[in-house]
Amino acid sequence: MSEYKVLFHIDELNKWKILLANVSNLLAGMEHDELHIEVVANGEAVQYYDLNQELYANKNLMITLHKKGVKFVACNNALKSLGLEKERIIPLVEVVPSGVVEIVKRQSEGFVYIKP
Amino acid sequence: MSEYKVLFHIDELNKWKILLANVSNLLAGMEHDELHIEVVANGEAVQYYDLNQELYANKNLMITLHKKGVKFVACNNALKSLGLEKERIIPLVEVVPSGVVEIVKRQSEGFVYIKP
Amino acid sequence: MSEYKVLFHIDELNKWKILLANVSNLLAGMEHDELHIEVVANGEAVQYYDLNQELYANKNLMITLHKKGVKFVACNNALKSLGLEKERIIPLVEVVPSGVVEIVKRQSEGFVYIKP
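Chains as they are written, first to last, in our numbering: chain A, 1 to 116; chain B, 1 to 116; chain C, 1 to 116.
Misleading hints may appear alongside valid ones.
[As the list claims (entries may be wrong)] Keeping only pairs whose Cα atoms sit at most 27 Å apart, straight-line, the calculated BS3-like set for lysine-lysine is:
1. C:105 to B:105
2. A:71 to A:105
3. C:17 to B:17
4. C:105 to A:105
5. B:105 to A:5
6. B:105 to A:105
7. B:17 to C:86
8. B:80 to A:17
9. A:5 to C:105
10. C:67 to B:17
11. A:17 to B:67
12. C:68 to A:80
13. A:105 to B:5
14. B:5 to C:86
15. C:71 to C:17
16. A:68 to A:105
17. B:5 to A:5
18. C:5 to B:5
19. A:105 to C:67
20. B:59 to C:80
21. C:59 to A:80
22. A:68 to B:105
23. B:17 to B:80
24. B:59 to A:5
25. C:105 to B:67
26. A:105 to C:68
27. A:105 to C:5
28. C:68 to C:17
29. C:80 to B:105
30. A:68 to B:17
[Said to hold, decoys possible] Here are a few chain A residues that sit away from chain C, every Cβ distance over 12 Å (derived from the structure):
31. 1
32. 4
33. 17
34. 24
35. 27
36. 28
37. 30
38. 34
39. 36
40. 51
If you are wondering where the hints come from, they were derived from the structure by calculation, not from laboratory data. For each residue, glycine too, the CB sits at the ideal point set by N, CA and C.
Hey, can you work out the whole structure from these sequences and the hints?
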């Protein structure tokens, strides 16, 4: 058993479907390893976390992945520029001050980077 | 002479032209170094490997690059979801069970990541 | 205070706005750290550096970021394939023979990779 730390970066709304499929495939393909997965959304991609959005179709998949340990993160700079208040964000999402700072720090901690 | 390991990730069909140009330029620009290059395709990008596809125009370039040591990889999850059987894939391509697992493992082995 | 090295890669013209916002947010969010930031443009993205382009709206932001230490780099392979002479490039931009070689070497020197 090996330990892997993986950061997925998303900044385009239309990439969520493939990103969530990637995360699911990674969990399935490394079930015998110790996996730390974090999904960092910035730019327009944070709209996916909006509780009021119709497009928000894979909430169940996000909840399932979150229960398996996947961390979902939103960039607060992006939320602010889109006028999205934290109260409107799916509760399982963690808000960080800056998405790019999170991406830099995680990679410095040994996370590998994947951009679907 | 230094040794470099480079992983190119592609998940969009329309990025193949720039990806193959990137790989060619990398080989030309580091001809005095020891280079290990791997191209991992997942999502819709694996359709490029389809022997029956008309769009498949740069087969000669892929063969040339492969002869220079470039490894081309297809994600089997993607092939299955697109109904593409392994027999329809260009023979020089190596099929792995999961593209994202391949990307994570290679980076953990010291490959740097580039997403054209 | 920690030291971080960050490489931003851009190969699509329409990503410049989000890239420059990312760089600005990174500088603002890590003002107490020692940051080395390099932006490497290849493919069509190098057209943004063209002095004659109307689209080139954020020159002031680039100059501001450059004064804060951000290094802007253009791939000469891309310039040549687009027929863009070096004299037409914004003077603060550094031209390297190959963008992908730059990306590989910087990552090998410890730069983390972000592709907006």
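message: Hint compliance check: list the failing hint numbers for this structure, sorted ascending.
response: 10, 11, 14, 24, 29, 30
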